[in-house]
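Enquirer: Here is what each chain is made of, one letter per residue.
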Amino acid sequence: MRDFLKNPVGVVGLTLLIIVLGAALLGPWLAPYDPQLFHARSRLQGPSADFWLGTDQYGRDLLSRVLHGAPSTVFFGLGATILGVGVGSVIGVIAGVAGGTIDSIIMRVLDGFLAMPELLFTLLIVTFLGGGTTQAMLAVAVTFAPGMARIARSSVLSVRTREYVLAAIARGESGTWIVGREVLPNALGPIIVEATIRVSFAIMIGATLGFLGLGAQPPSTEWGLMIAEARQFMFRNPWCVAVPGVAIAITAMGFNLFGDALRDAFDPKRSRS
Amino acid sequence: MSPAERPVLDVRAYGLAYDTPQGTIEALQSVSLTIRPGETHALVGESGSGKSTLAWAIMRYLPPNARDLGGEILLAGQDLLGLSPTQMDAVRGRRIAMVFQDPSASLNPAMRLGDQIAEVLMRHRGMTRIQALAEAEAALTRTGIARPADMMRRYPHEASGGEKQRVGIASAFACNPELIIFDEPTTALDILTAQQILDLFVRLREETGVAALYISHDLGLVARIADKVSVIHQGRIVESGAVHEVFRAPKDAYTRQLMAAVPRPDDRIAVDDPAPAAALLQVDGVSVRYGNSSWISRVLGRAPEPFYGARDVSFQVQPGELLGLVGASGSGKSTMAQVLSGLRDFQGKVHFGGRDFTERRGFDRAYRRDVQIVFQHPDASLNPRQTIGTILSRPLRLYGLCPGDKVELRVRELLEMVLLPPDFAHRYPHELSGGQKQRVAIARAFAAEPKLVICDEVTAALDVSVQAAVARLLTDLQRQSGAACLFITHDLNLIRQLAHRIAVMQHGRVVDTFAVADAASPARHSYTQALLNAMPVPDEFKGVTAA
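Residue numbers (the working numbering), protein chains in the order written: chain A, 3 to 275; chain B, 718 to 1264.
Keep in mind that a hint or two might mislead.
[To be verified] Calculated from the model, a selection of chain B residues having no Cβ within reach of chain A, i.e. all distances over 10 Å:
#1 SER769
#2 PHE1092
#3 VAL1233
#4 ALA1247
[Said to hold, decoys possible] For the chain B half of the interface with chain A, some residues (derived, Cβ under 10 Å), not all of them:
#5 ARG729
#6 GLY1059
#7 PHE1080
#8 ASP1081
#9 PRO1101
#10 ARG1111
#11 ILE1171
The set of hints was computed from the structure by calculation and includes no laboratory data.
Each residue gets a CB set at the ideal place from its N, CA and C atoms; glycine is no exception.
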């Protein structure tokens, strides 16, 4: 952990994450106004003493809306990732441990899924399931699973041929023990790291879906949706697009940098000398 | 001083430190070393002694956290410490060349071998591509490689380890450098190939008169090829001088310790010959086939030719005996270890303790308890996320060898048995040195109270001095427990110290089996004789003790 805090990338990532998670947990209480409250006299204004980040086309306070949108956006990312990573890792571990024909079949099916562009695949699933936050989250999770399965599998495969696993097999240990005690604890590192980086992708895909009108529905304060709604007023007040846009960027960057630093910290070649 | 007298390389009181998160580590302290024209200077030390760091310091190719602590590195009188990176680029390859340990890792896998030599010539001697290719072929011919023109067009994966190392040597000699640094050039090779590479080195050195810095951990080898030797220990040169003087009368205690650790065939440390009895293990016509075709290639009717890792192998081990299984890499000796520890499918019959096994699944828990294996790499054979205590207690619990409340006590006993402090039980593998880890792996094998322990190259990854200690420990444990041992190795000198009988494998077959006392007999197979004569121990080493 000390190595982690010495890494400037890690410190920046962690700081951004704390800000974002703070907003996600406390946002609704910190917001100065009701996010749905119209201020008809001050529409599409820039930052001022009353409205710190300006207002949108209905005169709603952008700061309040971004703060209220934080929980849904961040937890969307986390939820989709946890679901996708969980399902994907289980599939990957099964393929890696089983090997042989089972492995071949699972991986060929997943290759089929991977052949489709991620966003297109998500759109396809959303069309099946219908719009809405939960559906969008499921769609993102489904798109994540094949990639995660590949990573989990390669991680398991690299550990599976280690001599301590061979030693356990030679001892006559049960399959459950070998997988649970010898293989998994050593294969988890790459999976956790990849999961952190994927949170940022999930948030961006979620925002994209919101922007396309397939995720959260108005008057939700989801960030992608905020950008979509404000799009036509972009030239009259750039703030109403920039504020949620920057919020998405900060969140994505926070998770990304954090994941990068985590990967470095897990890498024994870098952390131990 | 006339130019002929002037040293090619003169390192004067050079020091180097690494800045790490745990603090500054002084890797080299006031190192001085002189190499005159045409001289071969050997730098001998164990892993972590700083010998490779010195090589990279001379090449001025150091990681960003390395820091010079003063001193001078003079190449023909010119201080390399003051050179800019661009000036250094002109020195590297042109005036100082380097030959690396692992030929497969030091060649670019996506480039033809000929192009890799030609690249050096085009870069440093300003040749055109056609000239360079012709010169590269000439350089390759000088290394005595068979069919050099053909070799020029091959990619690294199409050449053997020995051929690749010849290419590495050819490109090092290509620009007629003043100094060549050899960083353990034969360690990754088989003994017979290593022997040829050494002969090549000696011949090229005589032809070109190049000065060489030869880095090695092998004192026996150094004694045969070097003029001068420096012994390096913990970043300091503890002893330096002409080879025959240093080895005839070593002054420093560490040098003596290293020399005493070199395995000498006549210095037996084996347990007494076991009384003749029925064989404990009898391997009967065992074959292992690699590359089983996948179902898809079977469907397509494109099954590849089967490749045999072991073919019709037969040998036996008596109770309490130590059988040495030797051979070059790829000869099938590790395959046999995997078969006997139930890690690989086989055809044939294994007879053990009155029972017959004809397939891998037949090995039950009773067999697996009686036959334990110790692997080559101590870093890889212990689970990094378990404490030593957990690792050692596992066989006890798995085979129900001792009641739950006694396990901790038994783990302490096991640690004491392999001469480690009992409080190591709470440590993790990465807190231990390589030798200590190998002791833990050996303790784990003996914890099961086995009848047969398979040791797969257990000393190959260890330093010489640690190697000797581990070998002694193993025979001590054998003496105490009465277990038989199948000791797989490529070190003919070591195995003649340890074994009662030796089986020699070549290309997956056992070509010779003999009692150690008969090793010198003219009746030995020609391959056995070649192996036995490849690495003689110099006379100076006899009778040296670590005083």
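Enquirer: Quick check on the hint: GLY1059/B CB to chain A CB, less than 10 Å?
Expert: holds (6 Å)
Enquirer: So, ARG729/B near chain A? Judge it on the closest CB pair being under 10 Å.
Expert: Violated. Min distance 28 Å.
Enquirer: Determine whether the non-interface label on SER769/B survives the test: each CB of chain A must be over 10 Å from its CB.
Expert: Consistent with the label, SER769/B stays out of reach of chain A, its closest Cβ about 15 Å off (over 10 Å).
Enquirer: Next item in the hint list is PHE1080/B. Is there a CB on chain A closer than 10 Å to its CB?
Expert: With a closest approach of 8 Å, the PHE1080/B hint holds.
Enquirer: Was the hint right that ILE1171/B lines chain A, CB cutoff 10 Å?
Expert: For ILE1171/B, the interface hint holds, since the closest Cβ of chain A sits about 9 Å away, which is under 10 Å.
Enquirer: Should the hint that ARG1111/B touches chain A count as held when the rule is a Cβ pair under 10 Å?
Expert: holds (7 Å)
Enquirer: According to the definition I'm using, a residue is off the interface if its beta carbon is farther than 10 Å from all beta carbons of the partner; does VAL1233/B meet that for chain A?
Expert: holds (28 Å)
Enquirer: Classify the label on PHE1092/B as holds or violated, using whether its beta-carbon is more than 10 Å from each beta-carbon of chain A.
Expert: violated (4 Å)
Enquirer: Going by Cβ atoms only, is ASP1081/B closer than 10 Å to chain A?
Expert: The hint holds - ASP1081/B has a Cβ within 10 Å of chain A, the shortest such distance being about 8 Å.
Enquirer: Report holds if the minimum CB distance from ALA1247/B to chain A is greater than 10 Å, and violated otherwise.
Expert: Its Cβ never comes within 10 Å of chain A, the nearest being 31 Å, so this holds.
Enquirer: A closest beta-carbon separation below 10 Å is what the hint needs, so does PRO1101/B meet it against chain A?
Expert: At about 7 Å, which falls below the 10 Å cut-off, the nearest Cβ of chain A leaves the hint on PRO1101/B intact, so it holds.
The earlier numbered hints that this structure contradicts are 2, 5.
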